[in-house]
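Enquirer: If you read the protein sequences in the order shown, they are chains A and B.
Quick note on numbering that gives the first Met the number 0: the first sequence kicks off at 0 and runs consecutively.
Quick note on numbering that gives the first Met the number 0: the second sequence kicks off at 0 and runs consecutively.
The hints are simulated quantities; they were obtained by calculation from the structure and are not laboratory data.
Treat the hints with care, as some may be off.
As the list claims (entries may be wrong) - Heads up, simulated SDA-like pairs for lysine to any residue below, C-alpha to C-alpha not over 25 Å straight-line: (1) A/Lys180 <-> B/Arg64; (2) A/Lys180 <-> B/Arg45; (3) A/Lys180 <-> B/Glu50; (4) A/Lys180 <-> B/Phe42; (5) A/Lys180 <-> B/Leu12; (6) A/Lys180 <-> A/Asp33; (7) A/Lys180 <-> B/Trp24; (8) A/Lys180 <-> B/Gly15; (9) A/Lys180 <-> B/Pro71; (10) A/Lys180 <-> B/Gly29; (11) A/Lys180 <-> B/Phe22; (12) A/Lys180 <-> B/Val9; (13) A/Lys180 <-> B/Pro52; (14) A/Lys180 <-> B/Glu36; (15) A/Lys180 <-> B/Pro69.
Said to hold, decoys possible - Derived DEER-like restraints, expressed as beta-carbon distance ranges: (16) B/Gly20 <-> A/Val294: 36 to 44 Å; (17) B/Glu35 <-> A/Val294: 40 to 48 Å; (18) A/Gly166 <-> B/Leu5: 43 to 51 Å; (19) B/His33 <-> A/Ser316: 44 to 52 Å; (20) B/Trp24 <-> A/Phe343: 30 to 38 Å; (21) A/Arg441 <-> B/Glu35: 29 to 37 Å; (22) B/Trp24 <-> A/Tyr155: 48 to 56 Å; (23) A/Arg119 <-> B/Arg63: 20 to 28 Å; (24) A/Phe343 <-> B/Ser4: 50 to 58 Å; (25) A/Arg441 <-> B/Glu60: 57 to 65 Å; (26) B/Gly20 <-> A/Val203: 28 to 36 Å; (27) A/Gly313 <-> B/Glu35: 29 to 37 Å; (28) A/Phe343 <-> B/Arg64: 56 to 64 Å.
Here a beta-carbon is modelled for each residue, glycine too, at the ideal position from N, C-alpha and C.
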Amino acid sequence: MSRPGEAREPPGALSVPGAGLPLEEEVDIRLRADASSRRPVLVCFTTALFWLLLGSIAGDVSSLKLHLPDLLVRQGWLTFGRQRTVHLNAMIYGWASLAMLGVSLWIVPRLVHNTLRWPRLATAGVVVWNVGVAIGIALILAGINDGIEWLEMHRYLADPLLVVGGGMVGVTLLVTLLSRKVDHLYVSVWYMFGAFVWFPVIYVIGNWPTFHGVESGAVNWFYAHNALGLWLTAVGLGAIYYFIPKVLGRPIYSYQLSLLGFWGLAFFYSLNGMHHLVGGPIPTWMITTSIVASVLMIIPVLAVAVNHHMTMIGRFSALRYSPTLRFVVLGAIAYTAVSLQGMFTALREVNRITHFTQWTIAHSHVGVYAFVTFVLFGSMYYIMPRMVRREWPSERLIRWHFWLVLSGIAIYVIALTVVGVWQGLALIDPQVPFQRTVEIQRPGLVARSVAGLLLTAGHVVFVWHYWRMVRGPAAARELPPFYGVRPIVYTEPGGKP
Amino acid sequence: MLPSSLAVLVTGLFLGAIALGAFIWAWRRGQFDHLEEQAHVIFDERDYRLERPWETEAEREERRRLYGEPVPPEPGEWGGAR
Numbered sequence: 000m001s002r003p004g005e006a007r008e009p010p011g012a013l014s015v016p017g018a019g020l021p022l023e024e025e026v027d028i029r030l031r032a033d034a035s036s037r038r039p040v041l042v043c044f045t046t047a048l049f050w051l052l053l054g055s056i057a058g059d060v061s062s063l064k065l066h067l068p069d070l071l072v073r074q075g076w077l078t079f080g081r082q083r084t085v086h087l088n089a090m091i092y093g094w095a096s097l098a099m100l101g102v103s104l105w106i107v108p109r110l111v112h113n114t115l116r117w118p119r120l121a122t123a124g125v126v127v128w129n130v131g132v133a134i135g136i137a138l139i140l141a142g143i144n145d146g147i148e149w150l151e152m153h154r155y156l157a158d159p160l161l162v163v164g165g166g167m168v169g170v171t172l173l174v175t176l177l178s179r180k181v182d183h184l185y186v187s188v189w190y191m192f193g194a195f196v197w198f199p200v201i202y203v204i205g206n207w208p209t210f211h212g213v214e215s216g217a218v219n220w221f222y223a224h225n226a227l228g229l230w231l232t233a234v235g236l237g238a239i240y241y242f243i244p245k246v247l248g249r250p251i252y253s254y255q256l257s258l259l260g261f262w263g264l265a266f267f268y269s270l271n272g273m274h275h276l277v278g279g280p281i282p283t284w285m286i287t288t289s290i291v292a293s294v295l296m297i298i299p300v301l302a303v304a305v306n307h308h309m310t311m312i313g314r315f316s317a318l319r320y321s322p323t324l325r326f327v328v329l330g331a332i333a334y335t336a337v338s339l340q341g342m343f344t345a346l347r348e349v350n351r352i353t354h355f356t357q358w359t360i361a362h363s364h365v366g367v368y369a370f371v372t373f374v375l376f377g378s379m380y381y382i383m384p385r386m387v388r389r390e391w392p393s394e395r396l397i398r399w400h401f402w403l404v405l406s407g408i409a410i411y412v413i414a415l416t417v418v419g420v421w422q423g424l425a426l427i428d429p430q431v432p433f434q435r436t437v438e439i440q441r442p443g444l445v446a447r448s449v450a451g452l453l454l455t456a457g458h459v460v461f462v463w464h465y466w467r468m469v470r471g472p473a474a475a476r477e478l479p480p481f482y483g484v485r486p487i488v489y490t491e492p493g494g495k496p
Numbered sequence: 000m001l002p003s004s005l006a007v008l009v010t011g012l013f014l015g016a017i018a019l020g021a022f023i024w025a026w027r028r029g030q031f032d033h034l035e036e037q038a039h040v041i042f043d044e045r046d047y048r049l050e051r052p053w054e055t056e057a058e059r060e061e062r063r064r065l066y067g068e069p070v071p072p073e074p075g076e077w078g079g080a081r
């Protein structure tokens with residue numbers, strides 16, 4: 000009997016819908032699914048990359064201002080308060096959300112063996128979403144924002160367009176699901192549909208106009224943390240569960256664990272958000288509930304971590320050959336790291352040091368960048384050749400992209416984590432003057448700017464490569480970009496080279 | 000004005016209720032049956048047989064034994080979509 004994750008006899012034709020079909024029929028299903036989702040997916044990815052660049056530049060400006068405070072101070076729209084806010088919203092609602100919409104629109108039809116229903120509605124929804132983000136960011140630059148973290152875009156002029164646009168995309172996916180040709184819903188479908196159910200609920204509650212002052216903090220962080228866990232994380236994990244086994248040609252180590260991970264997220268995650276307010280003027284029961292919920296997340300997080308690791312173990316050499324695997328596997332590792340870090344940080348004794356420090360910034364970037372963005376990069380490397388019917392033109396540009404963003408995020412996280420701990424220890428020491436706690440941060444802030452510039456450079460490379468692929472002539476390449484990499488020769492599985 | 004603590008509690012319970020309802024639906028519809036087989040639904044025959052340059056000879060032999068002769072990637076993109 001084979002161990003989980005080992006190749007085994009594929010299921011018989013009668014036990015799994017779709018299995019045992021003639022290869023030509025299976026390929027036909029896949030090609031028709033891809034063709035139906037091509038336009039909305041390309042609109043998603045192209046506009047997402049625009050916001051990635053804009054958000055990157057705004058992030059760089061914000062970071063430089065932290066240690067060069069006299070930089071670009073004459074114009075209001077260039078001040079830190081607006082640039083940092085533009086960075087956050089462009090990255091979350093522009094880049095990450097749109098790229099995730101694209102990944103969902105591509106994966107779901109494939110997994111339900113159906114064409115995307117009402118693709119024009121999906122495309123229109125993506126356009127509406129983009130208009131909402133554009134209005135929101137324009138108003139932020141003009142100095143108009145709601146003053147709620149992660150929800151700064153205008154509540155009445157921008158946010159409704161995100162709700163409508165996202166709803167339009169959600170409806171097309173729902174109709175596609177309801178007319179599916181398979182009985183079983185693969186775990187990625189659960190994650191993605193969960194995200195489309197959870198996000199509108201938390202987004203509306205988060206934007207509800209009746210909460211003010213200190214009390215609004217509770218609702219604010221209920222939304223912000225759930226946006227990370229029930230929107231960004233859900234689609235990210237759904238993508239990981241598809242792309243890792245698909246590229247390896249082997250099933251996930253334990254499908255049972257994958258479902259445990261999903262249902263654990265669904266039941267335990269929603270009350271985590273209050274751990275951002277440990278020590279704040281919020282009812283103690285809410286803080287304690289959030290800490291308990293955070294610790295309970297160890298169950299789904301470990302389930303996911305074990306699953307990903309055991310699927311990959313012995314096959315990490317595949318990362319040399321597949322840009323998709325490089326990014327997705329590193330993203331999966333980052334998911335485990337940020338989740339465990341988050342649980343650790345939720346504990347009161349740890350939080351008293353890390354709260355209000357650069358540690359939190361590092362933690363959030365491990366989540367949104369090292370996990371979510373890396374998974375989205377990997378997904379795009381897989382999906383795009385299937386959309387435009389040609390290979391990525393340049394191995395070199397893939398390598399440049401990878402190493403620039405990897406080095407950038409590594410410097411970013413390490414520098415701010417170390418500085419955050421120093422800062423926190425200094426803040427809780429009554430002998431240390433406040434001025435000193437600010438000076439402690441400077442090396443980390445400079446490193447952060449360097450890291451940010453590396454990340455932006457990587458994004459420019461990726462966007463240029465994407466543009467060449469979409470607009471350029473068909474590449475002369477016949478094989479995937481890394482296929483010609485000289486292999487590391489093993490004499491036996493797990494043996495030395 | 001609705002206290003924010005009540006709003007967080009109610010919304011959290013609502014999300015939990017959605018999850019519980021979906022879980023019950025999935026249980027009744029057999030979504031937790033035949034899980035070993037369900038892990039394979041993302042693959043087609045070509046996914047199993049596609050030549051992968053990182054695999055050792057032993058792994059290729061295992062794949063050949065289980066799924067048949069390997070097929071090379073076709074021009075166009077990794078995985079051979081046409």
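Enquirer: Now tell me, hint by hint, if it's right for this structure.
Expert: Here is what the structure says about each hint:
| no. | hint | verdict |
| --- | --- | --- |
| 1 | A/Lys180 <-> B/Arg64 | violated, 30 Å |
| 2 | A/Lys180 <-> B/Arg45 | holds, 20 Å |
| 3 | A/Lys180 <-> B/Glu50 | violated, 29 Å |
| 4 | A/Lys180 <-> B/Phe42 | holds, 15 Å |
| 5 | A/Lys180 <-> B/Leu12 | violated, 33 Å |
| 6 | A/Lys180 <-> A/Asp33 | holds, 16 Å |
| 7 | A/Lys180 <-> B/Trp24 | holds, 18 Å |
| 8 | A/Lys180 <-> B/Gly15 | violated, 29 Å |
| 9 | A/Lys180 <-> B/Pro71 | violated, 29 Å |
| 10 | A/Lys180 <-> B/Gly29 | holds, 16 Å |
| 11 | A/Lys180 <-> B/Phe22 | holds, 21 Å |
| 12 | A/Lys180 <-> B/Val9 | violated, 36 Å |
| 13 | A/Lys180 <-> B/Pro52 | violated, 33 Å |
| 14 | A/Lys180 <-> B/Glu36 | holds, 17 Å |
| 15 | A/Lys180 <-> B/Pro69 | violated, 29 Å |
| 16 | B/Gly20 <-> A/Val294: 36 to 44 Å | violated, 25 Å |
| 17 | B/Glu35 <-> A/Val294: 40 to 48 Å | violated, 31 Å |
| 18 | A/Gly166 <-> B/Leu5: 43 to 51 Å | violated, 27 Å |
| 19 | B/His33 <-> A/Ser316: 44 to 52 Å | violated, 32 Å |
| 20 | B/Trp24 <-> A/Phe343: 30 to 38 Å | holds, 35 Å |
| 21 | A/Arg441 <-> B/Glu35: 29 to 37 Å | violated, 55 Å |
| 22 | B/Trp24 <-> A/Tyr155: 48 to 56 Å | violated, 36 Å |
| 23 | A/Arg119 <-> B/Arg63: 20 to 28 Å | violated, 45 Å |
| 24 | A/Phe343 <-> B/Ser4: 50 to 58 Å | violated, 26 Å |
| 25 | A/Arg441 <-> B/Glu60: 57 to 65 Å | holds, 58 Å |
| 26 | B/Gly20 <-> A/Val203: 28 to 36 Å | violated, 19 Å |
| 27 | A/Gly313 <-> B/Glu35: 29 to 37 Å | violated, 20 Å |
| 28 | A/Phe343 <-> B/Arg64: 56 to 64 Å | violated, 45 Å |
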